[in-house]
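These are the residues of each chain, in order.
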Amino acid sequence: MTRISRRRFLSNSALTLLYGATYPTFSTTKQSVPWRNWSGGIVAHPKARFSAASEEQLANFMASTSGPVRPVGSGHSFTPLVPTDGHLIVIDQLAGLLDHDPHALTATFGAGTRLGDMGPSLEAAGQAMFNLPDIDRQTLAGATATATHGTGIEFKCLSGYVTQLRLITPSGDQLDVDATSDADLFNAARVSVGALGIVTRMSLQNRSPFKLKQKSWVAKTGELLESFDRHAASYRHFEMFPLTHSDYAIALSTEETEEPVNNPPVSPEEEAAFGEAMRGWMEVPPGERRPLVNGLAEQIEPSERIDVSYKILTNVRNNRFNEMEYSVPIGAGAECLKEILKTISDKKIDVVFPLEYRYVSRDDTWLSMSSGHEDHAAISIHRTASEDYRPYFDLIEPIFWKYGGRPHWGKVHSLGADRLGELYPEFKRFQALRAKLDPQGRMLNDHLRKLFGVPE
Amino acid sequence: MQPTTTLIAAIFPCLFLLACDAPTKKYSQTDTQTELAVTSQLDPVQASAEVMGKWTRSCALCHVNGEGGAPRVGFAQEWKPRLVKGQAVLLKHTIEGFNNMPPLGYCMSCEEEDFVALIDFMPGESE
Numbered sequence: 001m002t003r004i005s006r007r008r009f010l011s012n013s014a015l016t017l018l019y020g021a022t023y024p025t026f027s028t029t030k031q032s033v034p035w036r037n038w039s040g041g042i043v044a045h046p047k048a049r050f051s052a053a054s055e056e057q058l059a060n061f062m063a064s065t066s067g068p069v070r071p072v073g074s075g076h077s078f079t080p081l082v083p084t085d086g087h088l089i090v091i092d093q094l095a096g097l098l099d100h101d102p103h104a105l106t107a108t109f110g111a112g113t114r115l116g117d118m119g120p121s122l123e124a125a126g127q128a129m130f131n132l133p134d135i136d137r138q139t140l141a142g143a144t145a146t147a148t149h150g151t152g153i154e155f156k157c158l159s160g161y162v163t164q165l166r167l168i169t170p171s172g173d174q175l176d177v178d179a180t181s182d183a184d185l186f187n188a189a190r191v192s193v194g195a196l197g198i199v200t201r202m203s204l205q206n207r208s209p210f211k212l213k214q215k216s217w218v219a220k221t222g223e224l225l226e227s228f229d230r231h232a233a234s235y236r237h238f239e240m241f242p243l244t245h246s247d248y249a250i251a252l253s254t255e256e257t258e259e260p261v262n263n264p265p266v267s268p269e270e271e272a273a274f275g276e277a278m279r280g281w282m283e284v285p286p287g288e289r290r291p292l293v294n295g296l297a298e299q300i301e302p303s304e305r306i307d308v309s310y311k312i313l314t315n316v317r318n319n320r321f322n323e324m325e326y327s328v329p330i331g332a333g334a335e336c337l338k339e340i341l342k343t344i345s346d347k348k349i350d351v352v353f354p355l356e357y358r359y360v361s362r363d364d365t366w367l368s369m370s371s372g373h374e375d376h377a378a379i380s381i382h383r384t385a386s387e388d389y390r391p392y393f394d395l396i397e398p399i400f401w402k403y404g405g406r407p408h409w410g411k412v413h414s415l416g417a418d419r420l421g422e423l424y425p426e427f428k429r430f431q432a433l434r435a436k437l438d439p440q441g442r443m444l445n446d447h448l449r450k451l452f453g454v455p456e
Numbered sequence: 001m002q003p004t005t006t007l008i009a010a011i012f013p014c015l016f017l018l019a020c021d022a023p024t025k026k027y028s029q030t031d032t033q034t035e036l037a038v039t040s041q042l043d044p045v046q047a048s049a050e051v052m053g054k055w056t057r058s059c060a061l062c063h064v065n066g067e068g069g070a071p072r073v074g075f076a077q078e079w080k081p082r083l084v085k086g087q088a089v090l091l092k093h094t095i096e097g098f099n100n101m102p103p104l105g106y107c108m109s110c111e112e113e114d115f116v117a118l119i120d121f122m123p124g125e126s127e
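Quick mapping for you: the protein sequence lines, in order, are chains A and B.
With the working numbering, letter number 393 in the first sequence gets 393, and the count goes up by one each step, no holes.
With the working numbering, letter number 23 in the second sequence gets 23, and the count goes up by one each step, no holes.
The set of hints was computed from the structure by calculation and includes no laboratory data.
Computed from a predicted model, the values in this text were never measured in an experiment.
Keep in mind that a hint or two might mislead.
Claimed, not checked - Computed from the model, here is a short list of chain A residues facing chain B with C-beta under 8 angstroms: (1) His45; (2) Arg49; (3) Asp92; (4) Arg320.
Glycine included, each C-beta is placed from N, C-alpha and C at the ideal position.
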């Protein structure tokens with residue numbers, strides 16, 4: 001075993017972080033620790049793991065082995081997309097900025113690149129992503145496989161900005177796919193929940209770097225809903241976080257600016273004060289909580305911050321949670337949200353987590369939650385990781401169904417192939433393409449069999 | 001108590017961080033570079049290149065800047081309260097997740113021996 005000093009360790013690590021270099025290793029080792037997702041609620045016991053050091057190694061591995069495999073990114077999905085009793089394929093060595101075109105403003109990344117590492121790399125190359133999701137720990141592969149999205153009626157999910165990708169098929173073939181080489185496979189593989197093979201690199205359409213000014217304020221939930229469409233049209237991004245057992249929501253608007261950066265860190269004292277207040281809420285029965293929450297909401301003053309785009313669009317969410325998110329047709333969003341809030345209130349559900357309500361643009365992938373001919377409203381509910389989310393989520397999920405909701409592929413839901421087939425016009429085409437690329441079902445686990453209606 | 005919070009910026013982390021025990025700090029490579037410039041002055045210890053790669057791609061996300069209250073690499077004082085619990089407890093917390101730390105600390109390819117080496121390495125006074 002090569003031995004190195006701490007100084008060398010840290011020095012080399014710094015270079016790796018700064019320039020995306022990797023230290024390739026080819027390893028398939030006996031699994032001695034179980035795999036768990038980020039929230040800890042999903043556990044798997046793969047028989048072995050394979051950490052791919054290169055695309056060639058991965059292709060050779062797929063071609064020379066048989067049996068089930070599942071790729072893993074950051075483990076941020078709350079649905080059991082990753083569990084397997086076969087090989088767990090780790091792609092974090094397939095990371096970093098591989099190429100960029102300064103004229104077309106496109107860039108190619110290893111699919112194992114974390115979203116949080118892309119902003120600085122792109123900025124150095126004179127580019128920036130159009131939009132980002134709230135959390136930036138996910139890998140590019142994982143985020144696109146689940147149609148992860150940010151906020152904004154003008155902005156598609158991340159998969160909508162992919163211009164080309166490389167797919168290692170279950171049989172080990174290496175396919176470079178774009179809209180002209182194979183439109184069907186391109187539209188399927190951009191949101192595939194890892195069912196078609198393993199995506200190893202992706203090219204994205206980007207833009208020039210920009211700064212954003214984000215403003216926050218508190219207003220009555222009903223008033224914000226009434227003005228939501230106007231705000232969504234006038235700001236680059238607009239979303240709201242309705243507070244449970246309250247008449248108020250936090251509004252968040254974001255628009256481009258040329259103003260200087262002004263993004264001071266949040267004071268720990270202020271965080272602690274609000275945290276203490278929230279713990280106080282939790283000691284009061286939900287049915288009696290409204291005056292307390294409203295009282296605090298009314299004291300909150302607006303704030304704003306300015307920074308480069310990727311530092312405004314994403315946040316670090318350290319405390320772990322589970323989440324359910326459905327996207328409903330945009331015209332049904334407000335009524336769906338109102339019914340959920342009323343249900344939480346009427347049923348006195350003991351939850352202090354706010355909801356999240358935002359718009360996402362339609363796109364031309366087959367399985368994105370916003371695929372098709374209409375924009376969607378994405379509505380999220382959350383539970384801390386230490387709590388049993390089922391009673392709350394089970395109560396709310398039928399409301400999403402009532403409004404034609406499509407579940408986020410990476411967030412808790414209970415739908416299977418029959419219902420998903422009704423929600424996605426191209427679902428049958430995806431099923432057929434999946435069966436063609438993976439006739440042995442190597443990429444399937446129990447969850448994916450349920451999603452795509454494949455018997456054991 | 002009567003909160004006197006004036007910044008909604010203070011609220012958002014708490015809405016998603018019900019424990020609110022530690023301030024959050026956004027990861028940036030500039031911060032990382034600064035921190036590494038400090039920690040690279042530490043005395044040498046031994047580690048394998050393979051483990052180093054795993055550390056860089058996972059643990060470093062939080063343990064360089066102290067994200068979410070994580071003890072920082074090379075800051076022995078921050079590790080002391082953890083180390084007194086014993087290696088077995090730290091290993092269990094690492095594998096299963098503990099408070100803000102996700103299971104496996106984002107290292108999807110780490111095995112038990114990797115975690116043992118990393119727990120030994122990060123406090124900075126094992127040699």
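Hint-by-hint comparison with the structure:
1. Evaluation of the A/His45 hint against chain B yields a violated restraint, the C-beta minimum of about 12 angstroms exceeding 8 angstroms.
2. Annotation: A/Arg49 was flagged as interfacial toward chain B, and the flag holds, the nearest CB pair being 6 angstroms apart, inside 8 angstroms.
3. Given hint, A/Asp92 at the interface with chain B, holds; its Cβ is 5 angstroms from that chain's nearest Cβ, closer than 8 angstroms.
4. Residue-level restraint check for A/Arg320 holds (minimum Cβ-Cβ distance to chain B is 6 angstroms; threshold 8 angstroms).
The structure is inconsistent with hint 1 alone, although it conforms to all the rest.
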